[in-house]
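The task is simple: from the sequences and hints, build the whole structure.
Number of protein chains: 2
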Amino acid sequence: MNRIKTISELRKIISDYKRLGKTIAFVPTMGNLHQGHLQLVSMAQKQADIVVCSIFVNPLQFGEGEDFAQYPRTLDDDCHKLQKIACDIVFAPAMSELYPQSKQQGQDQTQVVLPGISDILEGASRPGHFTGVATIVAKLFNIVQADKAIFGAKDYQQLQIIKQFVKDLCFPIEILSHPIVREANGLAMSSRNAYLSKEQRAQAALIQQSLQKIAQQLRAGARNYQQLENDAQQLLDAQGFVSDYISIRCPDLSLPEEHCRDWVVLAAIKLGSTRLLDNIEVSL
Amino acid sequence: MNRIKTISELRKIISDYKRLGKTIAFVPTMGNLHQGHLQLVSMAQKQADIVVCSIFVNPLQFGEGEDFAQYPRTLDDDCHKLQKIACDIVFAPAMSELYPQSKQQGQDQTQVVLPGISDILEGASRPGHFTGVATIVAKLFNIVQADKAIFGAKDYQQLQIIKQFVKDLCFPIEILSHPIVREANGLAMSSRNAYLSKEQRAQAALIQQSLQKIAQQLRAGARNYQQLENDAQQLLDAQGFVSDYISIRCPDLSLPEEHCRDWVVLAAIKLGSTRLLDNIEVSL
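Chains V and W supply the protein sequences, listed in that same order.
Here the first sequence is numbered in the working numbering, starting from 1 and rising by one per residue.
Here the second sequence is numbered in the working numbering, starting from 1 and rising by one per residue.
Hints are computed from structural coordinates only; laboratory data are not their basis.
Any given hint could turn out to be false.
Given that identical chains are not distinguished, each listed pair holds provided it fits within a single copy or across any two copies.
Unchecked claim - Okay, derived cross-link-like pairs now, DSS-like style, lysine-lysine, Cα gap no bigger than 25 Å in a straight line:
id, residue 1, residue 2
1, K167, K5
2, K198, K163
3, K148, K22
4, K163, K12
5, K270, K198
6, K198, K81
7, K22, K84
8, K148, K18
9, K46, K167
10, K18, K167
11, K81, K163
12, K198, K18
13, K46, K84
14, K213, K163
15, K5, K18
16, K81, K213
17, K167, K270
18, K12, K148
Everything numeric in this text was worked out from a predicted model, so none of it was measured.
Below is the structure:
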């Protein structure tokens with residue numbers, strides 16, 4: 001496995017592969033890889049000849065007071081896992097490689113901005129988050145120049161935003177999504193699960209269960225979306241969670257009408273100081 | 001010459017050329033081509049095997065009350081000129097190709113935003129202009145996937161902004177600039193010169209002369225930048241112009257210190273209802 005730190009070195013290798021007619025699939029991550037990430041890499045391996053996995057904790061997508069400093073960084077361990085599943089290239093640049101000079105704080109850094117979809121749900125809770133995500137992903141797309149990129153469906157809104165800017169800005173890349181990978185108890189896998197105690201991990205299964213309950217109710221014909229959301233939130237909050245939001249939306253994240261037949265139910269729930277995301281897609 | 005209207009058709013042709021190992025140079029324009037544009041194409045022909053010239057009047061970079069509707073559209077004439085100088089490909093997409101559906105007004109269109117440099121000079125006079133420019137140029141870069149792109153130095157701030165976002169977002173393209181092409185009397189060539197009467201065209205030579213005068217004064221040791229700017233503005237305004245700004249800047253458009261040895265002097269000047277740009281670079 002090729003472990004690469006610089007843009008110029010990566011570009012050289014990629015252009016060599018392209019000259020040989022090889023196709024490239026790309027899996028961007030912030031590292032601390034779990035089974036969810038590894039399944040993205042496995043999916044990528046079925047989609048292209050060469051797989052690039054990037055590992056970079058992007059400061060631009062963390063707000064003030066968020067967990068940028070404490071976010072788990074486990075590069076050697078990550079590389080070991082990727083090597084075991086025969087990933088071709090790990091791109092793990094230093095901060096100064098992606099944000100040279102004074103750009104580390106993001107001042108004057110060119111931004112990729114999506115009005116509207118960036119401001120709701122996660123964007124309302126984390127102002128600037130999706131500008132940071134779209135900006136780093138655009139940079140990485142331009143660096144890697146892959147044919148396809150794979151993202152996990154746990155970050156549903158992020159996936160929609162990436163699809164949107166790729167379409168709007170005509171990036172020459174195909175975006176694929178991989179279903180949420182879960183722990184045995186149903187908890188969506190996330191690097192932030194590492195912040196949970198053993199008891200919290202067990203308890204966090206309730207998030208998925210509350211989304212499943214809403215899904216059942218939608219399938220059974222319930223259409224009082226607000227009521228369904230409130231009931232689920234109250235149930236979770238009574239169990240010691242602090243719900244940021246539970247929201248029933250159309251697949252494109254617009255607010256659903258009564259006659260809808262497809263929904264996504266999204267949740268952002270705090271358990272102690274850990275903020276967890278989950279979602280479930282429902283279709284009649 | 002290949003005259004192409006759709007993204008998919010252009011991508012196919014470009015990828016065929018790339019498979020043959022051909023290099024691509026790109027000249028984006030809003031059409032109404034004059035000698036300045038044609039010299040960009042000639043420069044591009046020296047830089048790469050295949051030259052793509054795009055013609056698209058981009059609504060996103062025009063503000064309310066600006067001249068989007070009246071901007072001269074002369075596609076057949078433009079294609080004739082490009083054919084005569086053996087340009088390989090003209091890409092002239094319809095509005096709906098670059099801004100599908102409701103995106104025509106730019107609502108919810110992903111934007112490429114450069115804080116700081118977009119807000120001064122032209123950006124202060126034309127809010128949103130450079131977001132519109134950066135966004136369409138990023139789209140076109142992703143569509144054409146050229147090795148190099150050529151821009152005229154008349155739009156000096158635009159050139160800096162394009163260089164900046166290409167660097168920040170790691171676009172895999174080299175940006176080259178071509179010196180300002182001028183009429184016999186010194187007036188910088190521009191599609192908007194078509195709005196001028198014969199008398200105005202003659203009079204507009206004074207803009208370049210006033211920049212030349214500042215350049216002389218800088219070379220002679222004058223460093224009271226504000227005074228030099230004011231004197232030039234007053235002179236022009238006394239001749240019937242309305243100065244938007246005349247500004248002495250560092251090459252990166254920051255405000256110059258006294259010990260500077262390189263400057264650019266930028267002007268935006270109205271003559272009647274026509275707004276004209278010019279600039280001059282000065283080095284000791």
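Verification of the supplied hints:
no. : hint        : in the structure
1   : K167 - K5   : between (29 Å within a copy, 18 Å between copies)
2   : K198 - K163 : neither (36 Å within a copy, 51 Å between copies)
3   : K148 - K22  : both (12 Å within a copy, 24 Å between copies)
4   : K163 - K12  : between (27 Å within a copy, 22 Å between copies)
5   : K270 - K198 : within (16 Å within a copy, 70 Å between copies)
6   : K198 - K81  : within (23 Å within a copy, 73 Å between copies)
7   : K22 - K84   : within (22 Å within a copy, 39 Å between copies)
8   : K148 - K18  : both (14 Å within a copy, 19 Å between copies)
9   : K46 - K167  : within (24 Å within a copy, 33 Å between copies)
10  : K18 - K167  : both (23 Å within a copy, 23 Å between copies)
11  : K81 - K163  : neither (28 Å within a copy, 39 Å between copies)
12  : K198 - K18  : neither (46 Å within a copy, 55 Å between copies)
13  : K46 - K84   : within (16 Å within a copy, 48 Å between copies)
14  : K213 - K163 : neither (29 Å within a copy, 52 Å between copies)
15  : K5 - K18    : within (20 Å within a copy, 28 Å between copies)
16  : K81 - K213  : neither (35 Å within a copy, 66 Å between copies)
17  : K167 - K270 : neither (33 Å within a copy, 38 Å between copies)
18  : K12 - K148  : both (19 Å within a copy, 18 Å between copies)
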